[in-house]
Each structure stands twice: as C-alpha cells, then as structure tokens.
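Protein chains in written order, with my numbering: chain Y, 1 to 327; chain D, 1001 to 1327.
The reader is advised that the hints may include incorrect statements.
Which residues of chain Y face chain D? A partial, calculated answer using Cβ under 7 Å [what the hints assert, rightly or not]:
1) 6
2) 105
3) 278
Straight-line alpha carbon distances no greater than 25 Å define the calculated DSS-like cross-link-like pairs of lysine-lysine that follow [as the list claims (entries may be wrong)]:
4) Y:322 x D:1314
5) D:1322 x Y:322
6) Y:69 x Y:144
7) D:1144 x D:1243
8) D:1069 x D:1167
9) D:1322 x Y:314
10) D:1069 x D:1136
11) Y:314 x D:1314
12) Y:243 x Y:322
13) Y:69 x Y:167
It is worth saying that the hints were derived from the structure and are not from the lab. Where is the CB? At the ideal position from N, CA and C, for every residue including glycine.
Protein chains: 2
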Amino acid sequence: MTDIAMIRAAAGRLDGHARRTPLLSSPFLDEIAGRRVFVKAECLQHTGSFKFRGAWSAVSAMEDDERTKGVIAFSSGNHAQGVALAAREHGAPAVIIMPEDAPRMKIENTRALGAEVVLYDRATEDRDEIGDRLSKERGLTLIKPFDEPLVVAGQGTTGLEIAEQAKAEGIDNADVIVCCGGGGLISGIALALDDTAPGLRARPAEPEGFDDVRRSLASGGIERNNSAFGSICDAILTPAPGKITFPIMQRLCGPGLVVTDDECLKAMALAFARLKIVLEPGGAAALAAALFHPDEIEGESVICVATGGNVDTKMFLSALTKFGPSQ
Amino acid sequence: MTDIAMIRAAAGRLDGHARRTPLLSSPFLDEIAGRRVFVKAECLQHTGSFKFRGAWSAVSAMEDDERTKGVIAFSSGNHAQGVALAAREHGAPAVIIMPEDAPRMKIENTRALGAEVVLYDRATEDRDEIGDRLSKERGLTLIKPFDEPLVVAGQGTTGLEIAEQAKAEGIDNADVIVCCGGGGLISGIALALDDTAPGLRARPAEPEGFDDVRRSLASGGIERNNSAFGSICDAILTPAPGKITFPIMQRLCGPGLVVTDDECLKAMALAFARLKIVLEPGGAAALAAALFHPDEIEGESVICVATGGNVDTKMFLSALTKFGPSQ
C-alpha cells in the first residue's frame, strides 16, 4: 500500500525527469469563484498530463533485468503516452494495447514516443487475452493506470508540490479539487497532503452521470457508473473506484463534486483566456467545480488540479466557439 | 543604463510577485526543428505576458510619495495590463491611455485590473498631449514600455531564469530567440546572459516587413519600419529599436530572424498541441523561427521565449482551423 515514504521515494526518482508544474492564478477567475483560485497546471507535464509521473515512478522502480524485457499498458489516452515516454527514457521497450478505433492521433503520438502499439477490435477481440499472451511471451511487466501502489506514489508527488506551493502562497487551509477517474491521482495527493499540509483537503470532481467516486464516498462502498460513455470527459470515465484507491479516498478525501460537460467547456475557455493553458474536458472538471459550484466549497482559497491538456482540435474549437470571450 | 546589478536588484523586488515561468519542451517539437527546443513560457506570467516584470520593476522602485500620486502608461495591449496590475498590487493609481478603437476586451481587462482608462481618438487627438496634461495635473509618473532602464532590468529577470534553467538542462551553448518589438525584453535578457551564461546568445525574432531590429543590427544604425500595421503580430510592431535598447542589442545580440504571419500561426497551433500553452501571434515568433528556420540557428539546442498569450478567440480559432492537428 502506498504511503508517504513511497511518495517521497518516487519524488526522488522523478527529480530532474518530471516537470515541477506551476500553480497559476488570475484575478478574473477569483472574481468568478468568489475566492482565490489556484490551478496546478499538470497539463504542462511531459506528455500533457500527470500520468507521466505515475508511469515514471513505476518504470524507474523496476529491477534492471525486468525493465530490459519491457512494459505493457492498456490505454487509449494519457496513460499510454506517459508509459511510452517513461519507458523510452529508460531504454525499455513498451507495448501499448489500444482499441483500433482510438483517435488516430493518439495512436500516432504513442508510436512516435517509441512504443509498439498493438491494436485490437473492441467487438471481436479480448484485450486482456492479448495482453496476457504478449506479457508471457516476452516477459513484459504490466503497468496499471491507477490501481498500483507505485503509480499512486508517482501521482502523489503532485501533492508534495501542491503543499509547498500552497505554503508559499500563504494557504494553509483549503479544498484541493482533483479531476477523478479511478482515483490514482487524488489518492496520491491525499496521502501527500495528509502528511505535509493537513489543512488541505483533497476532493474529487467528476462529470455528471459518472460520479462513481462521489457516490462511493457517500455510501461507503464501491459504486459503479451505469454507462461507460456519454460524457466528453473521456480521460476520467472510469467505471468504478479502484480497490487500492478507494480505501485511501474513503479515509482522506472530502465529498465529491459533480460538473456538467458544458461547465467543463466553459472552464476550458476561461483557462484559455485567463491562464493561457490548454485543458481537455476531463482535465477541466476541477476548475469547473471551483468556478461554478462555489457554494459547495469551503475556505477563502481553492486549489484545483488541471490534470491534462490532450484535447483534439475539434473539441477545443467547440469550447472556444461556445464559450470563448468575444472581442 | 541598465546593468546586471540593476537586473539582480529587480529580481529581488520581483521575488514572490512575478511568476517563475517554466521552460517547456516536447520531443515532437525537437523532431520538427532537428534539435532540442526549449520554450520559456512567459505567456504564463501574470497578465499573460512578460510585460508584468518590467512594470513591477518600475513601480516597485518608485519612491513612496511619487507612487502614491500614481503612474501613467500608453498602451493598447500587454504593457497596459502589466502596469495596471503592478500598480494595483502596490496600491498606486494607474492611468492607461488607450485608443478608443482598441479591442473592447483589452479595455475592459485593463479597467478590471483597477486602472483608469482614458480613451482618445487616434484621428483627432494627440495621446502625448493628453498624457502630458494628466501627468502634470496629477503628478503621475510615466512608465515607458521599453526605453526605460528599470523596465529593461525587470525584463532581464527572464534572462536570469533562463540561465538557471538552461544549466539544469545541461545547456551551456545555444541561441536564445526572443520575440522583439522595441527591444526591452531582449536587451534585458542579453545583459543577464552576458553575465551569467555567456555561451547563450540572444537573437531577435520579428515579423516579415517589420524587421527594424534585424536591419538595424545589420546596418549598425537605427532603421525604421516602413509601415505601422499589416502583420497579425500586433504586440511586436514597434516602429524602431529604442535609444536605450539598441546599443545593448548591438553589443550583445546575434543576428535577427524573420518569420511570416503563417509561421506564427503554425507555431501557435504546435504550442497548443505539444506544449498545452496559448500564444498570441507576436508571442509565437521566436518559436516559429526555431521550428521553421533551423538552418539559420546554431547549436544542438535552441531556447525560445514565448513572450505572451493575449490572443483573441477569433485569431486563435483561425490558427487552429488552418494549422491545428486533425484527428
């Protein structure tokens, strides 16, 4: 199980490799939210999302002889790119299993980062079967996207940085809102804050209809989403909290927040105009909660984690067209 | 005249107020440029451009009794917002003289940052006359956009950060390309690098048809642009190098680079896709030079300063529509 010692060890391994992302702010966002808003810009992390931290943490902790054989991951998105780059920088082969209908650009990006991409047909093939076979044949190590202690430890390094950056801003008491899928990032952040900044409380933000973590925290047991798709927040549409992450969230996280797709698009347009960063819908959920659900938040300041910026051009154009500032 | 001691003093005054912006990179940009590309993301600075540094440097250096009377600036753009915020945070009144046909949003932003905006008619009124009158009536101090030693010193703090960040990346020899209008930023950076990282050489990037600095460096005397408009790079269409900045550039800067408007739009689209930052056309000129003029650059690495991100929605949409990655 991940603990603060593992997070600190991961921070040591990530030093000089992961980027220390800035904590951004704008008086214009403060005005909308009615309190000071700080945005931890993980979209500026290598590969455009926090996923690189967990991937690096896992790959860097492997024994040399295992790493030489290679790693494998299932992902059509941010985890794929994080694992591909972390593996390449360690000189380790990476196999990423992706659905053949994944966006062409994500497939190309993952390949361009040096990974071998194995495509499968969602309708006729079983990705787990393909993964098992390849892993056995080649001795590959599976890197799970969130339910893996080393990955949670890597994501937790975000929390160590937030604690330091909040202190530098004079914030010792605030909600820290985190865009939440399976809970790997928020679990790591919650563990880090619990140790280093106990006045900061991690809270998940999820899209409407996909609030499995909010409902699980409320009921005390693992609840699942009814659907696997139907929100633009593709990066955080995980079916249920993880087995490793849920107990951590249950122990340390505050109540969940729920945002609409349009609120995420609005937050993307405001992040464009006021912070000059690019967010994907799922990476804007925490900022959307901070801006548009102020009555559900406590304190004079709020910190949001902007988890990723891997958005396609069309989606970004639609955010700006619908909600971008006119001149 | 600005020197390294003034830049270090400005860095002390800016500490905890200006943002230390990250040095970003992407393997995808490296591939396009044929060398490692590092981007100093000053679009993430307060008010969305490096101008806040110079403004803070000037306002913070004023005597209390002068500052209490207030400051004045002429600008329709980034300098206006930088001065407005720096003044507000010092509790000083700010008057910004803007043309009445300036983009409505820039006027509103400047007002929202607490400044008194005085509009004038470009056709019938003389802005200098208005400025002189208000300055005399109220005892306001003029903050020039670039030809002012304290402003150059503030912009130079960008150079101190670049020197440190380059060292951390193992770069001791590289061109540092800077989007260039009147030369305040590049002069400050060149002075800082000369002292702290002499293997790094500042070079201006300008839009085609507005390469007054390139031509001035080549001829050895101040050359003017033939036109005041006709490029989308509005932030850097200054008519001629400054009287204070030109001798510094002449002594310390390498030859200028020239980019087209379309190259700036392409660089904006690539910065969106690969770095997850928002650039305005004039803020993308240095990156455009690094990506699309590789034969004019020396060394295994290149550093570009992305000077600002205050772009309107329509312009950004056009960059993405023309040059954004399709899925």
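Each hint tested on the structure:
| no. | hint | in the structure |
| --- | --- | --- |
| 1 | 6 | 26 Å, violated |
| 2 | 105 | 5 Å, holds |
| 3 | 278 | 4 Å, holds |
| 4 | Y:322 x D:1314 | 12 Å, holds |
| 5 | D:1322 x Y:322 | 19 Å, holds |
| 6 | Y:69 x Y:144 | 17 Å, holds |
| 7 | D:1144 x D:1243 | 12 Å, holds |
| 8 | D:1069 x D:1167 | 42 Å, violated |
| 9 | D:1322 x Y:314 | 12 Å, holds |
| 10 | D:1069 x D:1136 | 11 Å, holds |
| 11 | Y:314 x D:1314 | 15 Å, holds |
| 12 | Y:243 x Y:322 | 39 Å, violated |
| 13 | Y:69 x Y:167 | 42 Å, violated |
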